[in-house]
Every structure is written in C-alpha cells, then in structure tokens.
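Participant: Residue strings, one per chain:
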Amino acid sequence: MNIIVCAKQIPDPSDPGRLSPGTHTLARDDKLILDDSDAYGVEIGLQLAEATGGDVTLVSMAPGDEAGGLRTALAMGAARAILVSDSALAGSDALSTAKVLAAAVRRAEPDLVIAGTESTDGYTGTLPVQLAELLGFPSVSFARKISAAGGMLSAERQTESGYDEVEVALPAVVTVTAGAVEPRYPSFKGIMAAKRKPVEQLSLADLGIDPASVGMAGARQEIVSVTPAPVRQAGEIVIDEGDAQERIVAFLEQLKVI
Amino acid sequence: MALDTIWVVVDRQGNRVAAVSLELLTKAKDLAGRVEGITWGGAEELAAEAGAYGAQTLHTVGDLADRLPGPAVAAAMASRILAGQDPDAILVPHNYAGRDIAARLSARIDRPLLTNVVGLTYDGDLYTSHAIFGGSEILTARFTGQGPGIYVVRTKSFTAEDSGGGPAAVDPWEVPDLGRTDAAVVTSRHAEERKGPALDEATVVVSGGRGLGAAENYELIEQLATNDDREALMELAESLMAEAVDTLEPK
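Residue numbers (my numbering), protein chains in the order written: chain L, 383 to 640; chain U, 996 to 1246.
The hints are simulated quantities; they were obtained by calculation from the structure and are not laboratory data. Don't take each hint at face value.
[What the hints assert, rightly or not] In the EDC-like style, the derived pairs of lysine to aspartate or glutamate whose C-alpha atoms are separated by at most 20 Å in a straight line are:
1. L:LYS527 to U:GLU1188
2. L:LYS527 to L:GLU549
3. L:LYS638 to U:ASP1223
[Unchecked claim] Pair ranges (Cβ atoms, derived):
4. L:PRO398 to U:GLY1119: 33 to 39 Å
5. L:GLY617 to U:GLY1142: 40 to 46 Å
6. U:SER1202 to L:ARG629: 15 to 21 Å
7. U:GLY1204 to L:MET598: 43 to 49 Å
8. U:GLY1174 to L:ARG462: 27 to 33 Å
9. U:TYR1213 to L:ARG602: 46 to 52 Å
10. L:SER529 to U:GLY1037: 30 to 36 Å
11. L:ARG602 to U:ILE1216: 43 to 49 Å
Cβ coordinates follow ideal geometry from the N, Cα and C atoms, glycine included.
Next up, chain L with everything else stripped away, as it sits in the complex (with noise of 0.2 Å):
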C-alpha cells in the first residue's frame, strides 16, 4: 500500500511559544523538530505499510528546506520524503496549507494519507478533513484504531459518547489520535539509513500555485491585537482551624452546587 503521512515540523514545545512581531504569527525561526503528534501518524502508517506491503512518503511544509523533523520519521522508518519550501508560503492559514499538501500528495497517488488530529502548535485540527475535500476523498477523523486490507481501511472513530466502527475504501484520509499507537524509537540502524534517503524538495511553482494566492499575499483572515489575557483572580487558600469542612461546604453552597 501506497501511504502518504503528513509530517508537520514545529518548534520545539518544550521553548515557550512566541509570535512574530509585526505578523503575529507564530515563530518558526528555530531548529524545528516533528509534532509529536504525527509520530503516531507515522508509526500506523509504517504498521499498514508493514502488512499490507508498500511503503511511507512522507510530506510537509515548511520554511527553509527545514528537514530535521523529517529526518526523525525517516529514521523510524518512511521511505521517503517531499518537502515543500517557499519564502511565498510564509502566514499561510490552514486552507492555503491543505492546497499545498493537496498537489504534493496528488503527485504520490497514494492509497491511503495518514495525518494527526491537529498540530501541537497551530491546533486549527481542520487541515487533513480540508486536504481530504480538495483531494475528493472519504475521510474518517479521530481514529484511535486503524486495520487495513482489500483495500479496505477500518477505524474505531472516537465519539461524544464512545466510538462508532468505521469502514471506508480506499483511498482515503484518515487522523490518528495520540495514544493510538506507541512511536517506535528510530534505532541507530535507522538514523544512519535516514541520512541517505531522498527528500524531493518543490516550490510553489513546481506544483503550479500561484505564490498570490498564500501565504501572507493570500491572507483572507487577519490577527488585529494579541493581548495579555486578564490575570486570573487568586483562589482562596484555607487553612484547617478546626473549621475547614464548614468553610468548603459553605464555599460550595456559594457556587450553588449543592
């Protein structure tokens, strides 16, 4: 099976988050590593490809021919990667990324394109169901358990009140939700295997996008102000003198909830 995992590569989450000055969008000026979150995509996408035979392409936008995030999931195992780059790309909102993503994964013809949820850092959590419509394919979100054969894929979709057993054909979109898998650890075997596999590297014109169109030229939405949010009021601190419990039931009498 032909399988395409998207791979987003962000700052690290464990620096605190910050946003351009000027754009207010979020800075991405740093060594970038892979979202955690498509670990697990690309850990069920090398499972699939394991059974079914086939392999994992992997496919990301970012800044700079940024490909340290890449080169993670290439070492637990991808076969390869396309990575698209641009300096046009810069402030593209999630719909402009969903095109992007959209001709890239076209050129691969997969069978079946594996994405996170959402992203660790923007979280919008729309991208891969936006990719599946530009693509014109089924798509089952929120997916915590995935099989696939006879070009069939079934899921368990996660639901306000449970999980619903889903089958599609394929091809399709599907989003895994963390925990669905255990990320295997790239072993040194890998990493050094990694270093060697081929990354395609493409513009906006090799997929014939017009650069107006994203990024911060195709902006249709627009940050006015970001601002410190209200600082939360203190709670109160009770200590025992014997009159504890009266005071927290007189407390929750308060708050009505009892």
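Chain U: place on chain L using the hints.
Facilitator: Relative to chain L, chain U alone:
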C-alpha cells in the same frame, strides 16, 4: 441588530440539540436578526429546542443512515452559498462532527476558517477571541475579503439561554452529489460508560493532587463531586483534610 443572518450547525445528542449548539444559537441570536440552524436526521424533534434558543428555521439534510455528517452537511451549505445565499457568519461547534463539517465547507467554498474561537464581538465587524499559549494571551482576529466567515467555536464560550422563541420552521435541504467524499460507512456505534458530564461540559471541576496520598483516595474526590448532602460533604471534607495533613506534613 449587528448582522442580518447567521447560520449555526446544530449538532445533536440523541434526540436533543447538543449543548454547544444551544450556546451558539444563543450567541447568534444576540448578533443577528435572523438565525438559521443546519442539522441532519429528524429535525422535527429538535425544532422546539432550536427555536427556543434562537433559530427561526432549522434546515436538515435528512437521514444520513450510516454516513458521517461532514460531507453532506458541508456540501448542502456550500451549494447554497455558491448559488448566492450570503450568511454573514457560520458558527460551527468545535467537536468531532463540527470540525469535519467546517473543514469540508471551507474547502468547498474556498474560504478560510477560524478555529478555537472562545469569544465573538461585533464592533463594525465580527471579531474573534482565541486563548493562546496556555491561555496567557488573547488573540483577536477577523476575516477579510468576500464571503461568509466560518467560525469554529469551543464549548462553553457562551452561556445558552432559552429566549422563549417558538419552534423553528423545519426546512429540508437537498444534498448535491458527494462523489466519493461520503464513502466512509459507520458499521456499528458503541456508547462507552461514563460517570458524570464530559470534562468540557462540567459546571464545576473537582480535582485532587498530591495531598490525596494515594490513587485510591480519589474515591473521596469522586464522592465529594457527586454528593450534595451537607452533612455528608462535611464528613468528606474532614476526611480529605486529614489525609492531606497526613500526606503533606513534614515527617
């Protein structure tokens, strides 16, 4: 009134309108003269509740049988927008069904969307609020350009209020050809047992920490959260306090 028309995606929880959609209907009624809901399945059973919270009309794409709502609901809305209907805003719940619907609608009408919305304010234009970086900063945004904005709004951003409106008029909507986009088939549905409300729908969250001493003592927290008898609560609070003192006091 600030805006003419707002569409609200009316998600359902069984035969009731989902709580988040009641919140969105209430907010839409504050902002616009006309509020139209869009749902799936039997709309008659939702019409009274949707109307009470602000919807004048409740459109339905009909029974989806074993299909997921995203493709059909998005395509039905998109076909009307592309045919010239022009709502000022489309409010969508930030939940499983809502995100699928918003994403497909966005791609179909070629309009971006704003997600994780926690506030909506009209001041000559409709502005959104978003809590970012763990809620330490508030980002304000708005749409530019032509066409309706798609706002994907988080649960509990607004308070649902019954305004006493009559039942919404039910209006069936035809669904255009979906191609392969609705090929996903639900073969079975499973309800998982859950005690209490969903976390994001809870009015009060009772939490525990290191002071509980051991995992099994979370039973005390659960009793505290589910008990409304004053005397019993007093005893529980006393037990919890004793446990905390025992656990946290320097030995």
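Participant: Any of the earlier hints contradicted here, and which numbers?
Facilitator: none
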